[in-house]
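Residues per chain are reported as follows:
Number of protein chains: 2
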Amino acid sequence: MSPKITGELLRQLRQAMKNCKYFSEPIQAYIIPSGDAHQSEYIAPCDCRREFISGFDGSAGTAIVTEQHAAMWTDGRYFLQANQQMDNNWTLMKMGLKETPSQEDWLISVLPENSKVGVDPWIIAADQWKNMFKALSSAGHSLVAVQDNLIDAVWPDRPERPSTQLRSLGLDFTGISWQDKITTLRAKMSERKITWFVATALDEIAWLFNLRGADIEYNPVFFAYTIVGMNTIRFFVDLKRLSDPAMREHLQLDSPSKPELSIQTFPYESVYTELQAICAALGPKDKVWICDKASCALTQVIPKTHRSPIPYTPLCLGKAVKNATEIQGMKMAHIKDAVALCELFAWLEKEIPNGNVTEISAADKAEELRSQQKDFVGLSFPTISSVGPHGAIIHYRPLPETNRTLTVNEVYLIDSGAQYVDGTTDVTRTMHFGTPSAFEKECFTYVLKGHIAVSAAIFPNGTKGHLLDSFARSALWESGLDYLHGTGHGVGCFLNVHEGPCGISYKTFADEPLEAGMIVSDEPGYYEDGSFGIRLENVVLVVPAKPKYNYRNRGSLTFEPLTLVPIQVKMMNTELLTQKERDWVNEYHRKCREVVGAELERQGRQEALEWLIRETQLII
Amino acid sequence: MSPKITGELLRQLRQAMKNCKYFSEPIQAYIIPSGDAHQSEYIAPCDCRREFISGFDGSAGTAIVTEQHAAMWTDGRYFLQANQQMDNNWTLMKMGLKETPSQEDWLISVLPENSKVGVDPWIIAADQWKNMFKALSSAGHSLVAVQDNLIDAVWPDRPERPSTQLRSLGLDFTGISWQDKITTLRAKMSERKITWFVATALDEIAWLFNLRGADIEYNPVFFAYTIVGMNTIRFFVDLKRLSDPAMREHLQLDSPSKPELSIQTFPYESVYTELQAICAALGPKDKVWICDKASCALTQVIPKTHRSPIPYTPLCLGKAVKNATEIQGMKMAHIKDAVALCELFAWLEKEIPNGNVTEISAADKAEELRSQQKDFVGLSFPTISSVGPHGAIIHYRPLPETNRTLTVNEVYLIDSGAQYVDGTTDVTRTMHFGTPSAFEKECFTYVLKGHIAVSAAIFPNGTKGHLLDSFARSALWESGLDYLHGTGHGVGCFLNVHEGPCGISYKTFADEPLEAGMIVSDEPGYYEDGSFGIRLENVVLVVPAKPKYNYRNRGSLTFEPLTLVPIQVKMMNTELLTQKERDWVNEYHRKCREVVGAELERQGRQEALEWLIRETQLII
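Residue numbers (our numbering), protein chains in the order written: chain S, 1 to 620; chain V, 1 to 620.
Hints listed in this document are in silico derivations from the structure and should not be mistaken for laboratory results.
Please note that the accuracy of each hint is not assured.
Put simply, identical chains are the same to the list, so a pair is met inside one copy or across any two.
Said to hold, decoys possible - Calculated pairs, SDA-like style, for lysine to any residue (alpha carbon to alpha carbon, straight line, at most 25 Å):
| id | residue 1 | residue 2 |
| --- | --- | --- |
| 1 | LYS304 | TRP129 |
| 2 | LYS287 | ASN114 |
| 3 | LYS580 | GLU478 |
| 4 | LYS464 | GLU512 |
| 5 | LYS507 | PRO311 |
| 6 | LYS548 | GLU560 |
| 7 | LYS507 | ILE458 |
| 8 | LYS507 | ARG552 |
Put together the whole structure using the sequences plus the hints.
This is the structure in structure tokens:
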């Protein structure tokens, strides 16, 4: 991987920063956040501005360019990758390390007095704007909204915004009609005396209307906004997408069942002026809900006295708790996904000794096998297929120039997942096709102990996921080891593979309590730089638990694994496992064999079935 | 315990709320926070305003009185106690429960439009003022500073503010001179370009000057403020206290070694006007450090552009990391404390069957035995001596009208501690002097497992204590049990028994990372309302750990128990313990026997020594 040469680009950007065509005065620094106008984590090519200017294409990162410096903040998953993708013009700011300054502190330390710091108000979230604004102001600088995006100004061949075909989902996939979702939303609005709700997150809008798109790779969403009032629904989207009769029928565009369920459609771009018009007509007591992570541009349209910012919208919370239909779909999707992976691993076991399998061909094979499964739509994120030292690059993605061959001498880590119409998957397995070293086994076993500690944890109703994070680390910590990422994220149902408002991470405090029906990943790891990486990831469903007692009638919860792919016994040092942990592994493997075995048999995939049976032998 | 009758008092308070003598317009609600002008947790009798108006005397709680309602917010430790101490005029707001509204939300729900909510600006912390101000403003109400305290206005016989004799501590107890502490503070100020520092927390001022007082029961502090500039030190205190020649010598009041270490003394009350004078003379770049938990009144004297609020002051952070002399003192104090407790328990074992020991007499005996130890000053908090159902009242304090007799049929919980000149102790043991039930043993054992899980945890340098809280709960959670308080708090060295900025609690996110030299308590519990309470508390020292590996050279930490009092084996269901847990108990008891046994022998306390030997037999 050779870094992107950015000298000339940065020169042009710095010229634009001084050009009063874009802002009345020159600006001394320009912030380029990751993300788009919807604060999406994964973004369309037209929105990959931070990658364009720096070369760094990880899913999280913020660039800041001043007259003298260019700096990139990203987290532990991407330290190695960012270092490899960026040239010497860039300084990597390793988030999470004690010595790394915050963006604010760094800006204050490098800027001349009374500096202006520019940012595109559509790309920066309102809460980030607020914090940055405050910090800069208190140090005598100012944060200014530059309406024209300065990266676009130096990006001649920037791609078009995508407008893919929409797909409507019936009740057999969603469990709840969009009309019922609107009614529930309005009930919550009226409970909190809210008159308007502005939805800006793409997955929330897709979930609300039971629609899916393909505007962003891996994320079945589409560019849109929605404003819901107590009697009106405004839907902002490229109108060409609504011409299909079936789509018009799904949305009841031509014959709404009730007037308050009639959807008014508007072009995507008109959300700003339409929201302005709504706000101009607000009564003195009218309140508008908008997520505090929505764009600064749209948030500031709403007068402060009418604005009611919330950390998580009712759509976000509603979407997180899966209904019975969605849970059933997620289970089906994970069985199909396990079938594909069992086939992959059986194939790898056979092929690797021949020396013909590479990181890329293994990833391609995984995709090919998944695509044979019913209702396959695409991958849910770029497959991380990594051998040996590449495994330590936490979000590694094999490229032709980095592609390594799988051998019987190195650890192989594959983190992959798919979108099926009935659900989204995300699974990581770490395997050795020869004889792992004692140290590799030891680390794998600590990671497994952490994975089990979370998966088998019983905890009271109302517990926030971040309180479980240390369980995943305890065994590693005891040996002086750790990993620099969170332990789990929410997973959508045929939606984004990362979603809020729950997760399992020491980095957050504002996550919502776990509830039965929520779905998160459980993925501790260990990364030995330059040598190997280990991660073990299942997607797990929050389910009620029934322990012996029930303190204050609070009830208890635990997790049920949805992912049903064997965990390689060869990588375990079973002596380090407690009896309880061995029982967990055996019970998990029993379920894999029973559930996935039946499906492999039904699909007539004999070799994979044999592999599954071999890999799910009892451990003692 | 019969509740305080508050009808007439509330009537008078509501009259004062309408009286324009106190504020230009009537106020519709009045907030009575716990605490004094220094935001102390434990307070002097003259500052017990919340207790005076409500009857509830727990260490934490906020009262709000409106024209119609009187409500009290407190946490899980105090639910039972508050219910018993307050009459029907009061509504208990159980903090930490999902259905309990915040103070802001509750006010907004009960107040008529455009209400005024009053509070004494000296008693409310600046950060609380800010949050409350914001929440009320956004709902159309206003928060107003009422300079005269309205409780004082209806409290005819309010006690005087205490002014006890000061005690100076030499280097043999403090390890660092106050002059060196000032120099270190100024180095931190100049590093952050701060020109002034305002100290308002009483324990920080006591620590800084190596002085102790007795103004607040159990807390060896004295009423004072300090303002430190780069060349000046202003000390605000009742000047009568500085007349003693030894005190003048300690503070070098008459012959300072260097001009910048010369202390200017001022009356306690003049801090406001003196800070005003300092602020009037500030240069454009001058910055003033003040804790964001300092009083709103004093904080607002500093113009916003010059104010640099910090969550924890350098004194708070410096005080938290104990130096070698302080650690040695804390160890000595805990050995002496263990001697007293071994004697107490040996005595209880002998006396309880006679039926003459009550909660109060047991607590008195504990105090008597402690007072026989060298450099004993007093208790560090009111002894919680509780039998059977009283044990479930987490901060129970026996009173003549509640006093129960200790028997061989009920669980006995004693949470007690002392101030010695060399250190502060805080220890809880739960015992049964007959035959505990299987359920009592089961619960005790889960609590013990939690205690050990924290105490034996190994974790990376830089870990915040709140990330360890779930370790203490895991065994309880697994059986559907829990406890509604945090797991640990910082402990001062001959200072407050509760101190920041570290602790072990799921409720915080803003604690500072644990560092070697910090001292915290480890005290999980289980409370069966109406039946019994269990808590196991040791004070533990953060020490470096040396696990097998050292990931990224971060280093690891663990805890060393300073408390060395046997944990009753009779209460354990040893079958529920793992081998590792049994090893921990045996090693802990070995150390108790070795260290405390030697001291018991030295002091010739034979019966206690025999008890210690019996209680520290190996478990298998």
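A quick look at each hint next to the structure:
no.: 1; hint: LYS304 <-> TRP129; result: both (15 Å within a copy, 21 Å between copies)
no.: 2; hint: LYS287 <-> ASN114; result: between (36 Å within a copy, 17 Å between copies)
no.: 3; hint: LYS580 <-> GLU478; result: both (19 Å within a copy, 13 Å between copies)
no.: 4; hint: LYS464 <-> GLU512; result: both (6 Å within a copy, 21 Å between copies)
no.: 5; hint: LYS507 <-> PRO311; result: both (16 Å within a copy, 19 Å between copies)
no.: 6; hint: LYS548 <-> GLU560; result: within (19 Å within a copy, 33 Å between copies)
no.: 7; hint: LYS507 <-> ILE458; result: both (22 Å within a copy, 19 Å between copies)
no.: 8; hint: LYS507 <-> ARG552; result: between (30 Å within a copy, 19 Å between copies)
Hint check: no violations occur; every hint is consistent with the structure.
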